[in-house]
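S.K.: Now for the letters of each chain:
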Amino acid sequence: MAFYQNIPFFSIFLAMFSGTISSVLPRKAARILNVVVVSLIMAASAVLTVILYGQGRSYTFMMGHFPAPFGNEIRAGALEAGMACFFCLIMLLSMLGGRKKLDEEVEETKHNLYYVLVNLLLSSLLAMVYTNDLFTAYVFVEINTIAACGLIMIRQIGRTIEAAVRYMILSLLGSGLFLVGLVLLYDLTGHLLMSNIQESVGMLIENGEYTIPLLVTISLMSAGLAIKSALFPFHAWLPDAYGYSTVSSAALLSSLVSKGYIFLLIKIYYRVIGIDFIRHNKLIDVLFIFGLSGMIFGSISAIRENDIRRMIAYSSVAQIGYIYMGIGMGTQDAMIASVYHILMHGATKSLLFIAAIGLTDVSGYSRQFIQITGAGYRNKIAGVGFTVGALSMVGFPCFSGFISKLLFAQAAIHNTGKMLPTLIVLGISTILNAIYFMKTVLRIYTPVADSDYPVLHMKDQKLYSGVIIAFVITNLLLGLTSVFIEEWIRRGLIVFG
Amino acid sequence: MSRLRPSHQNKREFRFKEWMDGSVDPYLGNLEMKPQQLTEETKEQFDERIQDYVRLNAELYDTEKNKGVRMFRILYRISSVIWIALLIGVMLLTVSHLPPNGDPDNPVNNEVSKRYIEQGLQETGAVNIVTGMILDYRAFDTFGESNVLFIATVTVLILLRKNQKMHNEKDMKEDQDDEKYEPQSDTILKTVAKVLVPVIFVFGLYVILNGHLGPGGGFSGGAIMGAGLILYCITFGFEKTERFFTEKTYKWISFTALSVYCLSKAYSFYTGANGLHSHIPLGTPGAILSSGLIFVLNICVGMVVTITMYTFYAMFRKGDF
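These protein sequence lines map, in sequence, to chains P and V.
For the first sequence, counting from 1, position 192 maps to 192 in my numbering; every step adds exactly one.
For the second sequence, counting from 1, position 143 maps to 143 in my numbering; every step adds exactly one.
If you are wondering where the hints come from, they were derived from the structure by calculation, not from laboratory data.
Treat the numbers as computed from the prediction; the structure is a model and nothing was measured.
All C-beta atoms in this analysis are idealised placements derived from N, C-alpha and C, irrespective of residue type, glycine included.
Do not rely on the hints blindly, as some may be mistaken.
DSSO-like mimics (lysine-lysine), calculated; alpha carbons at most 30 Å apart, straight line [stated by the list, open to error]:
| no. | chain 1 | residue 1 | chain 2 | residue 2 |
| --- | --- | --- | --- | --- |
| 1 | P | Lys-380 | V | Lys-11 |
| 2 | V | Lys-318 | P | Lys-110 |
| 3 | P | Lys-110 | V | Lys-17 |
| 4 | P | Lys-380 | V | Lys-17 |
| 5 | V | Lys-17 | P | Lys-439 |
| 6 | P | Lys-110 | P | Lys-28 |
| 7 | V | Lys-318 | P | Lys-462 |
In silico negatives: residues of chain P with every beta carbon more than 12 Å from chain V [as the list claims (entries may be wrong)]:
| no. | residue |
| --- | --- |
| 8 | Ile-12 |
| 9 | Ser-301 |
| 10 | Thr-416 |
| 11 | Val-448 |
| 12 | Ile-473 |
If we strip away everything but chain P, and leave its shape as in the complex, we get:
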């Protein structure tokens, strides 16, 4: 076995071990450790992506001395490795961008606990991305849920506590449904390893046995993960959780936590149930409809919002709707568009959250639109970052949002049954997006005559400016090199199932 094949295992264990170490470190050391570990894993995953992309195949890695159905197993292909690399990149940038805010908002003695949460969150994301065992996935879903609760409430004001409670209840409901589905699936197939389950499920489908329990299982798992990733009718926990937590948490939650669950769902569809069965199942039509309604209603809620952070949060509901719409279309092209949208939304939403915090900082910490008027002049780099993020979300050419909308539209054309609703809702949603994002951009670039708010220059906030620039570059890269990224996702999905 070649040495590079150990990278997924090392990444997961490094992240978990750094979480353990952080609990005894002083806050500065924990901070450095976090940056070092995340960058290391990012670099290693990037190397792995390049190697596996070249090879065009995936491999399994035995966790322990016992081969797969008896022991645990992880499996890595180009898509998984690249996703891990991307998650690390966004985590690194979000943590660096929100560092100053974290110092202000969180009690100093609790900082190292924050890094414990972040490191364990990373480990759980990596494990969800790489695992080939359904029960391992569930264990790490639990870690992910608890870490996310901690991330929300570490800034201790009333609203975050309330948001964390709400998140906990809905998220545990999701975990519970997922667990029930898992148990039923185990009862039907006798396996926990994804590839073995797929084999057994294939036989069950062929023989026409256990049709009802199988359908219920798939629905329970989909519903559980949809609740956890805030698909439209289950998004009640989202605006407060994203809107009031400290900014790194908001960025991590919106770009990584919900995306991890969606990635797990895609993996279950491909590797556990078998994508061919899913495509001919009516269940994805339900996801399709929920996705479409999310795109509209999320945007409408965002338009009605008078608080910039909550507006960005509601925009997430719409974007999650896009991803589920792609899954619901049930073609390979649409799935590629969905995976691309995961990347695009991860990169853009964290940029928006971090840029918004720069704007509110120069507006007396108020998030009301009336106060942030002209903030783009007072904090130029934040204004530029927000504008780029907003343009990308709306779908301006060159930025990643344009490509993902294009991919969705192209996928819709080849899907005769769902073409019309997809294209119509895509159009409406783009207009609604433009309404609230462009309104905000106009607002922050509307000059105010004599404001007594401070002006922040780039040299006063070097780290923050660097992070915004890195985010903008990531966004442009995603948009301009989309051909390669699309090819990478396509190749990754072929060996994914």
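For this one, chain P is given, so just place chain V on it according to the hints.
M.R.: Okay, now just chain V, sitting in the frame of chain P:
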């Protein structure tokens, strides 16, 4: 735009610079727009607004007057009952279609459980097959589970540990009043606890150390030890427990246990996956020092569970160790 301005001011670059600096509003005069004005309100206006808000809410949710709210509530209840009944029906239907309970031909009775039962002893060295399964065959999942406990404690610490900033006199007084409620003068409790606590500890240790030989293991033994610690704390108060269990103890125990688990399992996984020879002896099955890493891992899990239980108690009781 205007011919009255000097020529250089009409240039595009100049206008762009003006717009960048914010010295001129490009929308003013071109776009119908009212400049925003900060509203200031007096105390009376504020009170009135609050009162309006309260009155409005009271009237909105007054079901006597507001028929819409009443209808909504009734509809909400009915629909939730229907929805739950539907879900129960679906789940019952599913259960009725599942493989019959206890049938030897069930899919669950396959080669996996067969190998666990037949070869578990030789391969893991643990007499207790369940321990062999969770700490050797599927040790990665169990490592995840111990991390779940660890992260749960971390989250409880974040939520409930007292913030130094907010620690004012009122809180201090509350603390002292609170400590009165520890039933320290209860003779029955004290006498019983004096006898019971050592027994509970020894029993907990036995369950942990014996996990690979008989029923028990880190999770159950740790729960017993944790219960013993909590009983000790209830009886003798925090001053007594603080002598041997402070935040530092918590930190270092969880750190040691999880690090040992992580590093030893990392070694085992690495050798296993790469086909290298592992230097961990399995020992004679049945002896106390046997079954390779399982013995060590049981102790680690036991320690994590113990301190998790006690930390939960201490945090909910006092918000501090």
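S.K.: For a quick check of understanding: which of the numbered hints are violated here, in increasing order?
M.R.: Violated hints (numbers, rising): 3, 7, 8 and 11; every other hint is consistent with the structure.
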